[in-house]
Structures are given as structure tokens and as C-alpha cells.
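Visitor: Dock chain E against the given chain B, drawing on the hints supplied.
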Amino acid sequence: MAKAKAKEKPRHGGWTKRNKIGFSYVCIWIFGFLVFQLYPFISSLIYSFTNYDIFHTPEFVGLDNYIRLFTKDQEFWNSMAVTLKYTFITVPGKVVLALIVALILNRNLKGINFIRTVYYIPSLLSGSVAVAILWKVLFMNDGFINSLLNAAGLPSVKWLGQPSMAVVTICMLEIWQFGSSMVLFLSALKQVPQSLYEAARIDGASKPRMFFKITLPMITSIAFFNIIMQLITALQNFTSAFVVTNGGPNKATYVLGMKLYTDAFKYFKMGYACATSWIMFVVILIITLVLFATSKKWVYYDN
Amino acid sequence: MKKKEIRIGITYILLGIFGIIMLFPVIWMFFACFKTNNEIFGSLALLPEGWSLDAFIQGWKTTGTYTYAQYFINTFLLVIPTTLLTLASCSIVAYGFARFDFPGNQFLFMVLIATLMLPNAIIIIPRYSLFNKLGWLDSYMTFFAPAAVGCYPFFVFMMVQFLRGLPRDLDESAYMDGCGPFQCFVKILLPLLKPALFSAGLFQFLWTWNDFFNTNIYINSVSKYPLSLALRMSIDVTSNIQWNQVMAMALVSVIPLIILFFSAQKYFVEGIATTGMKG
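Chains as they are written, first to last, in my numbering: chain B, 29 to 331; chain E, 178 to 456.
One or more hints might be untrue.
[Said to hold, decoys possible] Derived DSS-like pairs: lysine-lysine, alpha-carbon spacing no greater than 27 Å straight-line:
#1 B:Lys-100 <-> B:Lys-294
#2 E:Lys-364 <-> B:Lys-48
#3 B:Lys-186 <-> B:Lys-113
#4 B:Lys-138 <-> E:Lys-179
#5 E:Lys-443 <-> E:Lys-371
#6 B:Lys-113 <-> B:Lys-325
#7 B:Lys-294 <-> E:Lys-310
#8 B:Lys-138 <-> E:Lys-180
#9 B:Lys-138 <-> B:Lys-235
#10 B:Lys-218 <-> E:Lys-371
#11 E:Lys-179 <-> B:Lys-235
#12 B:Lys-235 <-> E:Lys-180
[Claimed, not checked] Residues on chain B that point at chain E, a partial pick, calculated with CB under 10 Å:
#13 Asn-47
#14 Phe-59
#15 Phe-61
#16 Phe-64
#17 Leu-153
#18 Ser-154
#19 Ile-256
#20 Ala-292
#21 Phe-309
The hints are simulated quantities; they were obtained by calculation from the structure and are not laboratory data. Positions of the beta carbon are idealized from the N, C-alpha and C atoms, including for glycine.
Next comes chain B alone, as it looks inside the complex (with noise of 0.2 Å):
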């Protein structure tokens, strides 16, 4: 065995039998990928310059989808506005609140792991039906959060029918399942080498000054992977929107998940709703080339 390692590996052995058998296993992906991934995506691009609607053959229409999405559709404006709001609230929230939950459970308590499944169990139901369905009936105009502000002396607040709380309201349930990015910041603060902290206690560095130089910068390439998984999911938002607000009320939460959905399956205007795709693809690649081109200034990498 120690000798087979010792040997100068190159890049790759060849076309062996055994590697032949490997790469078999591997076409098992690759098919998967070429069908269901990369098919799709090429011919979302090219159904975005036609007016496909599943029933007729597609027909070239140039970039009328596009001229029409920026210059026509009003509602394409608000879908990316609230689209936005929506991703720019909750992603720092998110990864914020879970950094700071991290950094006080990352403590040797006794109990502590049932703290931190107590934290999770938001997380756990993230996405489904049932949870959007609570924060619907929690936030109702005579629901138990207005109870709440009453009883504290509060007026209610119209938290499904007033547009610019009902942004909010779908927000706080986002934020709320912030358990999963936790338990990633509390994996990456265990791997903070213990020794840099005693090597700062013996300089006489204060806890603060501590964090600031050791624990933020090790964990930031975590907080970096963190930040674009959530911007993903954001920007692509439809599920708590649908059923909290219904994309209401007056289309404030009429998210572009929403938009791309009504539009490709209630109306079958699926070559505007692949346009209306793409540019969400395109704002998602220019947040994540922003975030990996300013990545070099401020996240560590241990290698």
C-alpha cells in the first residue's frame, strides 16, 4: 500500500479498465445533468426569445419579451422591487441573527445541545405549507400578534392588509427558520484553533478586540458561502408568499417567484415567464460576481 501512494500521481490515470467502470457511474450524473439541468436551461434561454405557450409551436419573436418585461410591465418593476426589499431584509437578518445566536451558543452549558435543537425546529419546517399557514392565522388583523399589541397598550397593526407591513410579516418568517445557517456558524466556530485565543489572552487582548481579529475573520468564508446560498433562495422566494399574502394586498408581495409562476401556469405565457427567468438568473449571478469580486478583501481563506 505505502508504496502505490509513494508514487508521483499525475492528473488523472487514463482510460484504465477500472477508471472506465468509475466514469460509468459517474454517466449516471452526467445523463441526469445533460436532461433535466443543462437542457432546460438552454432552452429556457431560447423559448425567453419566443412566444412559447406549451399549446403551439414556438414562434421567434427577438427580444420583444424582454423590451416588454422593461418597458411595458409595470408589474415586472414592483415584482423586482419587492423581490429585493424582500432578499435585502431577510438575507442579513438571517445570517446576522444566526451569527449572534452562534456566538452565544458556542459555549460548553450544560443542556446546551437541547438549547440548540429548540433553535432548529423553525428551520425544520422552512418552506412548508403548514408554517406559512400559521403565520397567517398568527398575523390576521384580529389575530394573536394584535391581541399581543392591544393587551400592551398598542394599536393593532394591519399586518396582511397594509402593503408595506405585509413585506415585513413574510420577512419575519424567514428570518425566524434562521436555525440552519446557526448550526453552520457554530460547526465553523469549533474550528477556530483554540490556540490563537490563548496566544491573544497572553498578549492581554480583550474580548471584544478577540473577536474582531480571531473568531469574525476565520468564520468569514463560512458567512461568505452562507450569504449566497441564502440570496439564491431569496431572490427565487414563492411558497410564503403565495400562501401567507397571496401575492397581495395590491400586489405588494408579489414576489418575481410569484410573477414567473402566474404567468407561465395560469396564463401559459411561458417564453415571457422564461424572459422574466433570466433576468432573475442575471441579478443573481451580478449579487454573487459583486460578493466573490469584493470576497478577496474580506474573507480569509485558510489555504
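Guide: Just chain E now, with coordinates in the frame of chain B:
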């Protein structure tokens, strides 16, 4: 020493209070199931006036053609095969990536990582039209097929990471002993891969169970509705919704997940920690 004890005490109290706030919606939901429709609204009381199981019974029966028994069966028929197919395909693909250095392995693995970021929203319409051509719409094939061919890069990635952590000597010695690559996988690696299989299986189970975006698009017949669609339908009726019944069924629909979570907690946490999956 005293000072430290007080500080720990305060930490516990704060964690407890915040924990209760976190769980409060779920606790409230539990008690709401026993309330009458009037009690649910405009009241601060957490506990119900009586402990009637009516909401559960009436909610289970529903006012429609199918009872929740059907929706539960449908959910299991959808979720269990999807989960098993995902595990089978993703583990064998991961084995191919982790243990064979065929030309292009690294490039293909990069492609796999890139697809992690591919938004579902962008491929859903062509997929719908593809499934339409194949005649799979309104059937669970829309879930089984992508699962059977490893279209869940998260899990492949996770298992590759796990396999790389296992010493190669193990399967190489089996190989020397005359095991073929497949035998070697099934006999040696698969048993060791158990923790990763558990984590991936749990997450896939959870995600498919909770999924609404895809089921809502692909499944149209009420007779094939999983729980998520049934719940959504129950609040779709225009006239006087019995919210206590809706709450009761919402609670019942998540109980299997909560049981699963508590009995397999370790794997959940490990699953998130090793791959950074969203929950």
C-alpha cells in the same frame, strides 16, 4: 466563582426566554387545535377552554372527497421512493467521483459544484414542458426521475466529501482481494457511508415533504395531492374557513418531521455542518 455562577444563570434565563419566543408560534399552534374558531381570534389566552378533539376529527375527514389518510399515503408514496432513489443514485455517482481518476473527473466535479447555484426557477418551465411531452405530468415521475439520475448536486457533493475522508487502503485492499469496483462499493464503502446516507436521506425526506413549489406545478389531481397541496387547498375555499381544523391538520402534517428530527438529531446537525446545506 460566585460571579461566574450568576453570569451562567443569566445566560440560561436569556436563552430560555429567547427559546420560548422562538418556539412560541409552534406551541400556540398546538393549543389552537383544541380551540373553537372564535377562541383562536381576538384572544390572548394560550390554553383552550376545553380539550375537544373535534378539530382533528373533522379536519381529518375534510369537507371534500378525500380524507387526510389519502393525503398522507400520497405524501409517503411521493417522498419515500424519491428519497431512496436519491440515495442510490447520489452515492454511486459520488463513488465514481471520489475513487476513480478518469480523465475529466476534476472538470466534471467543477460542473457539479456549479449546478449547486443553478436556480430552480430558471429550469422549471422547460422541465414542465419536457415532462408534458413524456406524459409524466400529474404523476410522481416528475420527482422520481430527477432523483434516480443524481440531479441533487448537494447530496453528491456531500457524499464525495465523506468518501474522501475514508482511507483508500480499505477499498484498495478489497480490490486486491479480487472484488470488482461495484462489489467493493457495496461491501466496503456503503456500510461506512452510513452517516452521510442518513444525513442526505433525512434532508431529502424533509425537503420533499415540505416541497410546495414543485408539487404545486406538477401535480393537479386532488386524488394525488400530497399534504402540502391539501393544506393549501384547505385555505383556498372562500367561505368560513374552520381555522381550528386547518391548524390541526397543519400540526398533524409536521408531526412526522418533528419525530424524525428528534430521533435522528445527530445526523441533521452533521449534515448541515459538513456541507452547509440550507434547512
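Visitor: If a hint holds in the structure, say so; if it does not, say that too.
Guide: Do the hints match the structure? See the list:
no.	hint	verdict
1	B:Lys-100 <-> B:Lys-294	20 Å, holds
2	E:Lys-364 <-> B:Lys-48	20 Å, holds
3	B:Lys-186 <-> B:Lys-113	19 Å, holds
4	B:Lys-138 <-> E:Lys-179	18 Å, holds
5	E:Lys-443 <-> E:Lys-371	13 Å, holds
6	B:Lys-113 <-> B:Lys-325	26 Å, holds
7	B:Lys-294 <-> E:Lys-310	19 Å, holds
8	B:Lys-138 <-> E:Lys-180	18 Å, holds
9	B:Lys-138 <-> B:Lys-235	23 Å, holds
10	B:Lys-218 <-> E:Lys-371	24 Å, holds
11	E:Lys-179 <-> B:Lys-235	21 Å, holds
12	B:Lys-235 <-> E:Lys-180	18 Å, holds
13	Asn-47	4 Å, holds
14	Phe-59	5 Å, holds
15	Phe-61	7 Å, holds
16	Phe-64	5 Å, holds
17	Leu-153	6 Å, holds
18	Ser-154	6 Å, holds
19	Ile-256	7 Å, holds
20	Ala-292	5 Å, holds
21	Phe-309	5 Å, holds
Hint check: no violations occur; every hint is consistent with the structure.
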